[in-house]
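Novice: Sequence:
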Amino acid sequence: MADVHRLDPISRVSGTTTVYGAWERFVQGEDDISGVRPEVAISWHRCRDQYRVDPGLKEAPIAVAEVDHTLEHDVVFADLGFRAASVAHEVANVGGIVTVTDATGRVLAEWGDPSTRKLAADANLATWFCWSEQATGTNGMGTALETHAPVMIRGAEHWCQAFHEWTCAGVAVRDVVTKDPIAVLNISCWRGELPSPAGAWLANAATRTQATLRQRAQDGSAELIAAFNHARSRAGVSLAAVDPAGRVVIADDTASVLLGVPSCTPAKDPAVRWNPGLPEFISAARYAAKQASRNPDWVGSTQLFTHLSDEPTPVTMRPVFLAGHLVGNLVFFGVSDGEQLPRGESAQQHGPPHRIVGTRENRMVLLKLPEISFAESDGNDVWLTTDQGKLRAASGSLEKLESEQGDAGFLRVHRRYVVNLGRIREVERRFKGELVLIMDDGASTMVPVSRRNAPAVRRALDI
1 MADVHRLDPI
11 SRVSGTTTVY
21 GAWERFVQGE
31 DDISGVRPEV
41 AISWHRCRDQ
51 YRVDPGLKEA
61 PIAVAEVDHT
71 LEHDVVFADL
81 GFRAASVAHE
91 VANVGGIVTV
101 TDATGRVLAE
111 WGDPSTRKLA
121 ADANLATWFC
131 WSEQATGTNG
141 MGTALETHAP
151 VMIRGAEHWC
161 QAFHEWTCAG
171 VAVRDVVTKD
181 PIAVLNISCW
191 RGELPSPAGA
201 WLANAATRTQ
211 ATLRQRAQDG
221 SAELIAAFNH
231 ARSRAGVSLA
241 AVDPAGRVVI
251 ADDTASVLLG
261 VPSCTPAKDP
271 AVRWNPGLPE
281 FISAARYAAK
291 QASRNPDWVG
301 STQLFTHLSD
311 EPTPVTMRPV
321 FLAGHLVGNL
331 VFFGVSDGEQ
341 LPRGESAQQH
351 GPPHRIVGTR
361 ENRMVLLKLP
371 EISFAESDGN
381 DVWLTTDQGK
391 LRAASGSLEK
401 LESEQGDAGF
411 LRVHRRYVVN
421 LGRIREVERR
431 FKGELVLIMD
441 DGASTMVPVS
451 RRNAPAVRRA
461 LDI
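Residue numbers (this note's numbering): 1 to 463.
No lab work stands behind these hints, which were simulated from the structure alone.
What you are looking at is a predicted structure, and each value in this text was computed from that prediction instead of being measured.
Glycine included, every Cβ here is placed at the ideal spot set by N, Cα and C.
It is possible that part of the hints are untrue.
[To be verified] Ranges of calculated distance between the beta carbons of each label pair, as one might list FRET restraints: (1) 434 with 269: 29 to 37 Å; (2) 219 with 34: 45 to 53 Å; (3) 269 with 296: 23 to 31 Å; (4) 334 with 355: 37 to 45 Å; (5) 325 with 269: 15 to 23 Å; (6) 381 with 211: 20 to 28 Å; (7) 296 with 415: 28 to 36 Å; (8) 264 with 208: 33 to 41 Å; (9) 269 with 421: 27 to 35 Å; (10) 325 with 82: 36 to 44 Å; (11) 32 with 211: 37 to 45 Å; (12) 265 with 212: 21 to 29 Å; (13) 32 with 121: 29 to 37 Å.
I would like the entire structure built from these sequences, with the hints used as guidance.
Specialist: Encoded structure:
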């Protein structure tokens with residue numbers, strides 16, 4: 001969890017007039033957003049160009065009646081509600097309100113100052129109404145759902161003008177395995193600053209709630225490993241166990257070679273599970289998890305390319321549950337049984353974005369895909385080498401870039417690199433068949449190809 005104390009300096013954002021001026025220009029269709037924080041500018045682009053939210057919206061829309069979530073999510077809602085209620089008195093003393101939403105942005109509960117709650121009701125900042133970005137534009141709750149860090153939205157940073165007199169801070173609680181949002185805890189004030197301990201309150205509540213989820217994931221790992229050991233003694237085929245995000249918890253000797261992960265080495269902690277580096281495999285595993293969560297008897301099969309062969313391998317996926325909660329799938333290699341997974345539809349619920357967002361100082365750069373040569377991971381940052389120079393990616397995850405742009409010609413070639421296949425100028429063969437890619441980025445950067453990713457690179461380049 002990122003440090004929510006970082007919210008406090010943000011609350012002293014200067015140049016409110018500058019932000020409002022940028023907002024006025026941007027809603028009219030101009031792209032000059034100088035003086036606007038990058039995370040807010042990115043949100044504005046989503047609101048205007050992707051979600052098409054009316055900036056003149058006066059109130060939040062009513063939430064959808066049916067929401068698909070698990071019992072585990074209900075536990076999170078109850079836990080967050082308890083923690084929100086425990087600070088409600090302090091927040092009310094400074095004229096603020098506390099809200100909890102679900103993953104759709106639907107407000108589930110609200111506490112705080114009665115007079116502020118009456119003002120909030122005029123904008124439908126109340127239970128039963130939806131505060132996702134898609135419904136209501138840039139705001140503390142909706143923008144927290146879209147990002148992996150705590151957020152503060154102050155005054156004119158809100159997309160809808162009717163909310164410009166509010167300041168709000170939100171933090172999302174996310175599934176520790178899939179990283180999908182479950183809920184948001186938010187504090188809002190009208191015509192005033194947030195209480196100084198707000199960051200600490202949010203951080204404490206989110207950390208404690210996610211600790212419960214982390215323990216649950218550890219228990220799920222133990223159940224997956226037990227199911228793996230039981231099936232291994234009877235199956236007679238190569239076998240692996242993967243979590244709902246497609247990461248490997250354990251694999252036998254042969255499956256470890258196919259997936260490019262360590263052999264028979266359990267990875268119980270969801271933060272350090274093995275990434276097979278095979279987008280198609282990960283997509284299939286996520287699709288299987290979604291199907292099995294709806295139908296516990298579901299079993300599926302497909303054919304996937306692995307690190308070992310240039311020919312696809314049949315695989316079957318069988319779900320594993322703990323107390324009715326899906327914890328992952330057993331993957332049987334060389335076996336085809338159950339419902340056929342739709343090819344190319346496994347995990348891509350939406351088409352890949354037409355642009356990737358990079359940042360330079362306080363400016364956001366919208367990059368067309370052909371402008372990007374390659375992406376490199378450096379600690380917690382991802383750097384994009386582009387026709388406009390080296391930029392930090394707005395999304396600090398190489399895995400996210402790989403999954404979103406896999407169908408657009410971007411390929412993971414090394415644990416630190418994702419390359420644009422269309423920007424490879426030369427391929428250099430080295431000792432023992434090692435490959436190095438020479439990119440056309442102006443500096444002819446040489447990008448190494450790891451041994452386990454070499455077959456996928458050869459297939460993609462037809463060499």
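Novice: Of all the hints numbered above, which does this structure not satisfy? Sort the numbers upward.
Specialist: Those not satisfied come down to hint 10.
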